[in-house]
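Enquirer: Generate coordinates for the entire structure from the input sequences, incorporating the hints supplied.
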Amino acid sequence: MLKFSISGKEKKSKARTGYFETGHGIVETPIFMPVGTQGTVKAVNQSYLDNDIKAQIVLSNTYHLYLRPGTEVLEKAGGLHKFINWQKPILTDSGGYQVFSLAELRKLKPDGVEFSSHLDGSRHFFTPEKVIGIQRSIGSDIMMVLDECTPYPCDYDYAVNSTELTSNWAVLNKEAFENTKSDYGYEQYLFGIVQGSIYKDLREKSAKDIINIGFDGYAVGGLAVGEPVDTMYDIVDFTTDILPEDSLRYLMGVGRPENILEAIDRGIDMFDCVMPTRNGRNAYLFTSTGILSMRNAQYKDDFRTIDEECGCYTCRNYSRAYLRHLFIAKEILALELSSIHNLHFYLNLVREAREKIKEEIFSDWKNEIINKITSNNKSIMEE
RNA sequence: GUGAGCGUAGCUCAGUUGGUUAGAGUAUCAGGUUGUGGCCCUGAGGGUCAUGGGUUCAAAUCCCAUCGCUCACC
Numbered sequence: 122m123l124k125f126s127i128s129g130k131e132k133k134s135k136a137r138t139g140y141f142e143t144g145h146g147i148v149e150t151p152i153f154m155p156v157g158t159q160g161t162v163k164a165v166n167q168s169y170l171d172n173d174i175k176a177q178i179v180l181s182n183t184y185h186l187y188l189r190p191g192t193e194v195l196e197k198a199g200g201l202h203k204f205i206n207w208q209k210p211i212l213t214d215s216g217g218y219q220v221f222s223l224a225e226l227r228k229l230k231p232d233g234v235e236f237s238s239h240l241d242g243s244r245h246f247f248t249p250e251k252v253i254g255i256q257r258s259i260g261s262d263i264m265m266v267l268d269e270c271t272p273y274p275c276d277y278d279y280a281v282n283s284t285e286l287t288s289n290w291a292v293l294n295k296e297a298f299e300n301t302k303s304d305y306g307y308e309q310y311l312f313g314i315v316q317g318s319i320y321k322d323l324r325e326k327s328a329k330d331i332i333n334i335g336f337d338g339y340a341v342g343g344l345a346v347g348e349p350v351d352t353m354y355d356i357v358d359f360t361t362d363i364l365p366e367d368s369l370r371y372l373m374g375v376g377r378p379e380n381i382l383e384a385i386d387r388g389i390d391m392f393d394c395v396m397p398t399r400n401g402r403n404a405y406l407f408t409s410t411g412i413l414s415m416r417n418a419q420y421k422d423d424f425r426t427i428d429e430e431c432g433c434y435t436c437r438n439y440s441r442a443y444l445r446h447l448f449i450a451k452e453i454l455a456l457e458l459s460s461i462h463n464l465h466f467y468l469n470l471v472r473e474a475r476e477k478i479k480e481e482i483f484s485d486w487k488n489e490i491i492n493k494i495t496s497n498n499k500s501i502m503e504e
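Residue numbers (our numbering): 122 to 504.
It is worth saying that the hints were derived from the structure and are not from the lab. Here the structure is a predicted model, which means the values were calculated and not measured. Hints should not be assumed to be uniformly reliable.
[Stated by the list, open to error] In silico DSBU-like links for lysine-lysine, alpha-carbon gap of 30 Å or less:
1. Lys-295 - Lys-228
2. Lys-228 - Lys-321
3. Lys-251 - Lys-230
4. Lys-203 - Lys-295
5. Lys-163 - Lys-493
6. Lys-329 - Lys-124
7. Lys-209 - Lys-197
8. Lys-302 - Lys-124
9. Lys-163 - Lys-175
10. Lys-132 - Lys-321
11. Lys-135 - Lys-493
12. Lys-197 - Lys-251
13. Lys-321 - Lys-124
14. Lys-251 - Lys-163
15. Lys-326 - Lys-132
16. Lys-133 - Lys-175
17. Lys-130 - Lys-421
18. Lys-130 - Lys-175
19. Lys-251 - Lys-130
20. Lys-326 - Lys-295
21. Lys-321 - Lys-163
22. Lys-230 - Lys-124
23. Lys-479 - Lys-175
24. Lys-163 - Lys-209
25. Lys-251 - Lys-326
26. Lys-321 - Lys-135
27. Lys-203 - Lys-133
28. Lys-479 - Lys-209
29. Lys-209 - Lys-130
30. Lys-326 - Lys-130
31. Lys-203 - Lys-251
32. Lys-493 - Lys-130
33. Lys-321 - Lys-230
34. Lys-175 - Lys-451
35. Lys-493 - Lys-421
36. Lys-302 - Lys-230
37. Lys-479 - Lys-132
38. Lys-209 - Lys-295
39. Lys-295 - Lys-133
40. Lys-321 - Lys-295
Expert: Shown next, in the form of structure tokens:
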């Protein structure tokens, strides 16, 4: 079993801080995991990821790695860590989300999902057993179960059936996990995923099903798919009340900085989101005083750093004007510098959150930070 | 110099036998993006239709002149 040690707790809220240890080192929580779908955090090399951004764990993707480069290459390489030269922990999403968001042709069956590749249209059949097998070949420290991520809106009857399917698959995931072992000499762990859309009775049933099967950690999935943000907070709050206190809780695919702080406040320990990297590549910069849309003409001759409170490589060396120039000129460096800054901002945010929880002043700090990072955006919108 | 062709948004071009307020792509400006395709989506600004005259109820469209560009031939 994965050991998760809680070392600090907020009294005013459900926020907690702690750490867990894997075969590739310790991860402090709450933590944000940069997304490296295809075995690379886009535009950011491992040296910056490690030394400047101080990422403790990255997320990669079973669906994508299975299609390319394929498990055979990964096995020959000795696993994903060696293949990509990243010796810290890796979590892999099962690919369930991609099967439902990317694949064009897909067919849900009781024992798995049939889909055609978004790369070449070739047909594949993902079962819980197969997805565990692929993640064994990848050698991720934390593997995720195959689930169905419900869309939004999602009518109740659909959600009932989908949640039942996810629960049934969870059993098969667990069996496959127990019947196989790591290929590379270190332990791998398996997280279950709670679904149930926005329906509390389904969330409760799903959580109880998944807890009964028993996993090394528990993810909350199917959120941040278009529902109102207050609904998301409400479901997170409701679900973490059911999940075991001494297990890791992972809110999948979330989110904006303020979403992360609100979810930490409601007892979440782990996050991943494409936003800092994808939006970074699109000139959308997160700062301590709000959003900068880096292509905007107002930065043409703004030689200030992106964020005066940031100590990242980009902020230490380059100006807004230069970054804007790189974006307008479609230079590759723009993507790299922005991704480094945004990831640094996210990792620094959760690092500060850990400190504030230890000091037991997280709730007040959180409100202050959210006010700072969102008030600027409101004033821009009002103008 | 002679002949032919072409001048429509910053750029590349549509625009029917003359018929509402001249369009598109791109660029510019501004929004969006939540278990990743550098993608994509949305909106806005931008035109004395080379210039001047004429025909007509009505001209980017037809006629004349001027200017500019391209090609061919001297």
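Enquirer: Confirm or reject each hint.
Expert: Hint check results:
A distance of roughly 23 Å separates the Cα atoms of Lys-295 and Lys-228; the hinted pair therefore holds under the 30 Å criterion. Our distance criterion of 30 Å between C-alpha atoms is met by Lys-228 and Lys-321, whose separation comes to about 27 Å. A hinted pair counts as satisfied when its Cα atoms are at most 30 Å apart, and Lys-251 with Lys-230 qualifies at roughly 14 Å. Between Lys-203 and Lys-295, the direct Cα distance comes to roughly 26 Å. Compliance with the 30 Å bound is thereby established for this hinted pair.
Restraint check: the Cα-Cα separation between Lys-163 and Lys-493 comes to about 28 Å, which is no more than 30 Å; the hinted pair holds. Restraint check: the Cα-Cα separation between Lys-329 and Lys-124 comes to about 21 Å, which is no more than 30 Å; the hinted pair holds. Between the alpha carbons of Lys-209 and Lys-197 the distance comes to roughly 20 Å, so the proposed pair stays at or under 30 Å and holds. For a cut-off of 30 Å, the pair hint linking Lys-302 to Lys-124 stands: about 18 Å separates their Cα positions.
A distance of roughly 16 Å separates the Cα atoms of Lys-163 and Lys-175; the hinted pair therefore holds under the 30 Å criterion. Taken as a hint, the Lys-132 and Lys-321 pair is honoured in the structure, with Cα atoms around 25 Å apart against an allowance of 30 Å. Of the supplied pair hints, the one linking Lys-135 and Lys-493 holds, its CA atoms being roughly 22 Å apart against a limit of 30 Å. The straight-line distance between the Cα atoms of Lys-197 and Lys-251 is roughly 19 Å, inside the 30 Å bound, and the hint therefore holds.
For the proposed pair Lys-321 and Lys-124, the alpha carbon gap of about 29 Å is at most 30 Å, so the pair holds. Simply put, Lys-251 and Lys-163 have alpha-carbon atoms about 27 Å apart, close enough for the 30 Å limit, and the pair holds. As the CA atoms of Lys-326 and Lys-132 are separated by approximately 28 Å, the hinted pair is consistent with the 30 Å bound. The hinted pair formed by Lys-133 and Lys-175 meets the criterion: a straight-line CA distance of about 29 Å does not exceed 30 Å.
Distance check on the hinted pair: Lys-130 and Lys-421 sit about 45 Å apart at the alpha-carbon level, beyond 30 Å; violated. Taken as a hint, the Lys-130 and Lys-175 pair is honoured in the structure, with Cα atoms around 23 Å apart against an allowance of 30 Å. Proposed proximity of Lys-251 and Lys-130 is contradicted: the alpha carbons are some 39 Å apart, above 30 Å. For the given pair, Lys-326 sits about 18 Å from Lys-295 by alpha-carbon distance, which is consistent with the 30 Å threshold.
At roughly 36 Å between alpha-carbon atoms, Lys-321 and Lys-163 are farther apart than 30 Å, so this suggested pair is violated. Note on Lys-230 and Lys-124: the hinted pairing is violated, with a Cα-Cα distance of about 35 Å set against a maximum of 30 Å. Under the criterion of a C-alpha separation no larger than 30 Å, the hint pairing Lys-479 with Lys-175 is consistent with the structure, at around 20 Å. For the suggested pair Lys-163 and Lys-209, the alpha carbons sit about 17 Å apart, so the restraint of at most 30 Å is met.
For the hint pairing Lys-251 with Lys-326, the CA-to-CA distance comes to about 26 Å; that is within 30 Å, so the pair holds. With a C-alpha separation of about 19 Å, the suggested pairing of Lys-321 with Lys-135 holds against the 30 Å cut-off. A distance of roughly 43 Å separates the Cα atoms of Lys-203 and Lys-133; the hinted pair therefore is violated under the 30 Å criterion. Annotation: proposed proximity of Lys-479 to Lys-209 holds, straight-line Cα distance about 24 Å (limit 30 Å).
Restraint check: the Cα-Cα separation between Lys-209 and Lys-130 comes to about 26 Å, which is no more than 30 Å; the hinted pair holds. For the suggested pair Lys-326 and Lys-130, the alpha carbons sit about 27 Å apart, so the restraint of at most 30 Å is met. Between Lys-203 and Lys-251 the CA atoms are separated by roughly 22 Å; this keeps the pair inside 30 Å, and the hint holds. The straight-line distance between the Cα atoms of Lys-493 and Lys-130 is roughly 24 Å, inside the 30 Å bound, and the hint therefore holds.
For the proposed pair Lys-321 and Lys-230, the alpha carbon gap of about 25 Å is at most 30 Å, so the pair holds. Distance restraint check for Lys-175 and Lys-451: the Cα-Cα separation of roughly 27 Å lies within the 30 Å cut-off, and the hinted pair is therefore satisfied. As the CA atoms of Lys-493 and Lys-421 are separated by approximately 24 Å, the hinted pair is consistent with the 30 Å bound. About 27 Å separates the Cα atoms of Lys-302 and Lys-230, which keeps this hinted pair within 30 Å; it holds.
This hinted pair checks out: Lys-479 and Lys-132 have alpha carbons roughly 10 Å apart, not beyond 30 Å. About 25 Å separates the Cα atoms of Lys-209 and Lys-295, which keeps this hinted pair within 30 Å; it holds. Note on Lys-295 and Lys-133: the hinted pairing is violated, with a Cα-Cα distance of about 36 Å set against a maximum of 30 Å. With a CA separation close to 25 Å, the supplied pair Lys-321 and Lys-295 stays within the 30 Å bound.
Taken one by one, the earlier hints fail for this structure at numbers 17, 19, 21, 22, 27, 39, listed in ascending order.
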